[in-house]
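Now for the letters of each chain:
Number of protein chains: 2
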Amino acid sequence: MTTTRIGSLSVDEKRDLLADLIRKKMQRWPNGETPSGSTAILTQALLDDHRRLFPALDGKSYFNYGAHGTLPRPAIDAVLDSWEYMQKWGPFSTQINDWIQQEVSKTIACLATQLDATPQTIALTENVTTACNIVLWGLEWEQGDHLLISDCENPGIVAAIHEVARRFHLHVSTFRAGTSEAATIEGIARGLRSNTRLVVMSHVPWNTGQVLPLTKIAELCRSNRINRGRTLLLVDGAQSVGVLPLNLANSGADFYAFTSHKWLCGPEGIGGLFLASESLEFVQPAFVGWRSVNIDEADGSFTWQPGARRFHISTSAYPLCAGLRRAIGIHEDFAAIEKRYAQILELSRYVWERLQQSATVECLQDSPPETGLVFLRSKSNPHKVVRYLETENCYTRSMYEPECIRLSIHYFTTRHELDRLVELLQNYEQHGPAKILEDMRNGNSYAYQANA
Amino acid sequence: MTTTRIGSLSVDEKRDLLADLIRKKMQRWPNGETPSGSTAILTQALLDDHRRLFPALDGKSYFNYGAHGTLPRPAIDAVLDSWEYMQKWGPFSTQINDWIQQEVSKTIACLATQLDATPQTIALTENVTTACNIVLWGLEWEQGDHLLISDCENPGIVAAIHEVARRFHLHVSTFRAGTSEAATIEGIARGLRSNTRLVVMSHVPWNTGQVLPLTKIAELCRSNRINRGRTLLLVDGAQSVGVLPLNLANSGADFYAFTSHKWLCGPEGIGGLFLASESLEFVQPAFVGWRSVNIDEADGSFTWQPGARRFHISTSAYPLCAGLRRAIGIHEDFAAIEKRYAQILELSRYVWERLQQSATVECLQDSPPETGLVFLRSKSNPHKVVRYLETENCYTRSMYEPECIRLSIHYFTTRHELDRLVELLQNYEQHGPAKILEDMRNGNSYAYQANA
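Those protein sequences? They're chains A and B, same order as listed.
Under the numbering used here, the first residue of the first sequence is numbered 1, with each subsequent residue one higher.
Under the numbering used here, the first residue of the second sequence is numbered 1, with each subsequent residue one higher.
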């Protein structure tokens with residue numbers, strides 16, 4: 001596409017300029033020092049600068065990345081720029097149609113780099129759940145086939161699996177994602193049958209925060225022969241993409257689903273599905289539209305789009321593509337994923353260690369957390385505690401199974417945020433219910449009113 | 001939810017204020033006159049004011065509403081406001097979770113009013129094709145069931161139907177959407193079998209622009225008894241919603257799919273599906289997620305969400321909801337759908353009549369068009385003509401079946417735009433190829449470069 005312009009700068013130039021400014025800002029080290037080691041990079045000034053890119057962090061302690069990440073301002077701007085570009089040169093025109101193709105390709109290429117996979121193996125989807133459904137409905141099931149799922153899956157995915165099982169007359173059983181790698185592997189080995197067509201698990205379960213041993217589990221599945229080949233592995237990456245360094249092409253996973261709007265902090269309404277090259281043949285597109293196929297205009301016949309693109313359906317919110325790429329670029333400009341993950345672990349361990357000495361708030365994890373997900377319990381009802389924290393501009397979420405408070409800690413979370421959270425929790429245990437009642441009487445707590 | 005504020009005004013107040021300003025602007029009649037009749041409303045000044053709400057119309061002649069409508073600036077602003085609101089009070093919090101519920105409910109209510117249906121019968125989807133797939137995959141097919149589809153369906157839908165037929169071993173045949181109501185009815189009557197489970201048709205086919213006799217076809221389907229009840233009717237409303245006055249609740253259609261981003265001029269990435277109350281039971285959710293179900297936190301069991309909401313899957317781009325409502329509000333504030341449709345017909349007839357006298361450009365329709373879709377043919381290759389027109393900031397699209405140029409005329413299209421289009425077409429027939437070659441040599445035509 002030729003360079004076309006909005007105002008005095010093209011969209012691409014604007015983005016490059018912005019990326020460059022951010023990169024420069026990131027390189028401004030305090031006192032003119034050169035960074036050395038992983039701690040130097042996280043000087044407070046640099047982190048403050050970085051956090052200012054996220055409007056949601058203004059005046060808040062935010063711990064809900066595992067539910068919904070904070071969208072950076074440049075990502076919002078990139079979405080807006082895309083919409084304006086589409087209106088300026090379309091919205092339907094040969095130029096915009098080409099531009100959309102390029103936006104989709106650029107976004108897939110960007111995700112492929114993030115996940116260490118080839119672009120041909122990645123499809124864009126509306127969200128992680130849709131990506132899982134593509135596989136669940138895309139396998140050509142035979143009555144009596146067996147599905148083995150972990151006991152830590154999100155209820156939405158469990159519901160999807162049960163509906164597929166009902167429709168195609170399948171058997172479903174669960175394995176225990178154990179507290180150790182060996183226990184998990186043993187649980188799967190015991191659960192696999194001679195007709196286990198698919199194993200479904202989260203790389204990082206939303207309700208334990210463990211990192212399940214993906215490569216070993218994949219090996220186990222690949223070596224389990226069934227009458228139609230071997231057991232396939234579908235991985236829910238909702239809590240791993242944007243957190244763990246990943247190499248999907250070599251992971252052994254057949255299918256890996258993920259979303260933009262959690263740890264990647266991109267816009268909601270866009271996600272993706274990785275399908276290993278050798279596993280593509282096992283999945284037929286279920287929901288199909290004009291983007292799934294190449295249509296022969298002469299006779300109206302059609303063939304699937306090459307690779308994972310056959311799982312694209314129809315018109316999506318294309319402007320979200322630029323937002324997702326900008327969000328990813330912001331993380332990458334700050335530090336490599338290995339360093340970001342190391343920082344998440346350091347911060348999770350920090351709060352975990354602090355709570356080892358707490359008399360009132362307990363951390364459910366027995367050892368330092370393996371990701372940014374930390375599970376807390378105090379003697380009060382966690383749902384009430386979460387609502388109280390929200391009135392103090394401190395954002396966490398409660399869970400039912402296990403009944404607790406969940407923190408999501410990102411690489412740009414601060415110790416100050418964690419300290420404040422612990423203090424609020426401890427105060428609540430001492431004065432909580434009284435303070436809550438007072439707030440409700442005074443009517444100055446929106447969270448209570450919103451949830452009355 | 002209590003009223004919470006962004007800056008000095010709440011989001012709702014901002015929107016109300018904007019809606020009010022637009023309403024007032026719309027009521028500013030030239031010379032202080034009160035409007036009377038359907039022509040008075042379309043005074044040029046008023047129309048110019050209205051068109052200024054659409055950035056895409058600036059400096060263009062735009063005729064692609066049937067492919068992609070022009071997004072109004074206030075709709076873009078509403079989307080942006082929503083994103084900012086989510087970041088300000090979330091993005092994940094009890095307050096934002098309640099707000100999302102309300103955004104979804106308000107949007108469904110708004111669509112229900114547009115379509116004359118109850119909110120319980122409408123689900124939001126990513127687009128019209130996904131909505132059709134929900135029905136196609138949601139019916140519990142039996143091997144050998146028959147599907148009857150019109151010969152004018154979009155290739156994406158045809159591909160979806162063929163894949164469903166392959167997976168569930170169904171028979172598919174087509175009926176001819178005839179040139180007269182009687183011919184169409186006769187075609188369907190001939191096509192219906194004793195095992196026809198589903199008829200699929202567009203209310204307004206994308207490649208003919210006719211209005212198919214929905215109510216009569218629905219009666220025919222409802223009276224066709226099969227071993228498991230009766231024939232059901234799925235309608236693709238891509239080219240009818242935002243054009244025709246509709247009363248879906250009384251139309252007899254079982255299922256009616258539509259999108260935001262065509263004639264409603266809302267954002268892309270959001271659409272919907274109407275399922276008549278009495279037809280809901282025939283469709284099981286296929287793609288399922290946490291939004292499809294009510295989960296019993298005590299034992300993890302789940303039941304479907306009430307009504308059409310069970311077809312919601314998981315996280316969507318919620319900010320698009322406000323954009324769609326604003327776009328709809330802008331049309332409604334301008335004139336009722338009956339007047340808008342009358343104006344579309346008047347403008348379509350205008351260009352159709354002009355072309356009756358043209359020696360070089362032919363209109364494929366034998367009588368004045370029944371909607372805003374007008375199909376043209378000149379002696380030149382239509383694909384080349386469309387690309388040439390784009391270099392002149394005149395946006396149309398070409399088709400393969402029939403091979404022609406398609407215009408989409410909206411209620412705010414102007415006669416000046418239509419006159420200019422006809423002149424460009426006629427000029428092209430006289431000087432076209434030479435001019436195109438010259439443009440290519442000079443390299444000053446982005447459209448050619450983009451499509452080289």
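Calculated from the structure, these hints are not laboratory results.
All figures in this text were calculated on a predicted structure; none of them were measured in a lab.
Hints may contain errors.
For chains that are exact copies, the list does not tell them apart, and a pair is met inside one copy or across any two.
[Unchecked claim] Simulated crosslink set (DSS-like; lysine-lysine; CA at most 25 Å straight-line):
#: 1; residue 1: 216; residue 2: 106
#: 2; residue 1: 88; residue 2: 106
#: 3; residue 1: 88; residue 2: 384
#: 4; residue 1: 216; residue 2: 384
#: 5; residue 1: 106; residue 2: 379
Against the structure, the hints:
1. In the homo-oligomer, the alpha carbons of residue 216 and residue 106 never lie at most 25 Å apart, since the shortest distance is 32 Å inside one protomer and 48 Å across protomers.
2. In this assembly of identical chains, the alpha carbons of residue 88 and residue 106 lie at most 25 Å apart only when taken from the same copy (21 Å versus 30 Å across copies).
3. For the identical chains of this complex, residue 88 and residue 384 are inter-copy neighbours only, at 22 Å across copies versus 49 Å inside a copy, given an alpha-carbon limit of 25 Å.
4. In this homomeric assembly, residue 216 and residue 384 never come within 25 Å of each other (Cα to Cα): the closest approach is 40 Å inside a single copy and 56 Å across copies.
5. Within a single copy, residue 106 and residue 379 get their C-alpha atoms no closer than 49 Å, and across copies no closer than 39 Å, so neither meets the 25 Å cut-off.
Against the hints set out earlier in the document, violations occur for numbers 1, 4 and 5.
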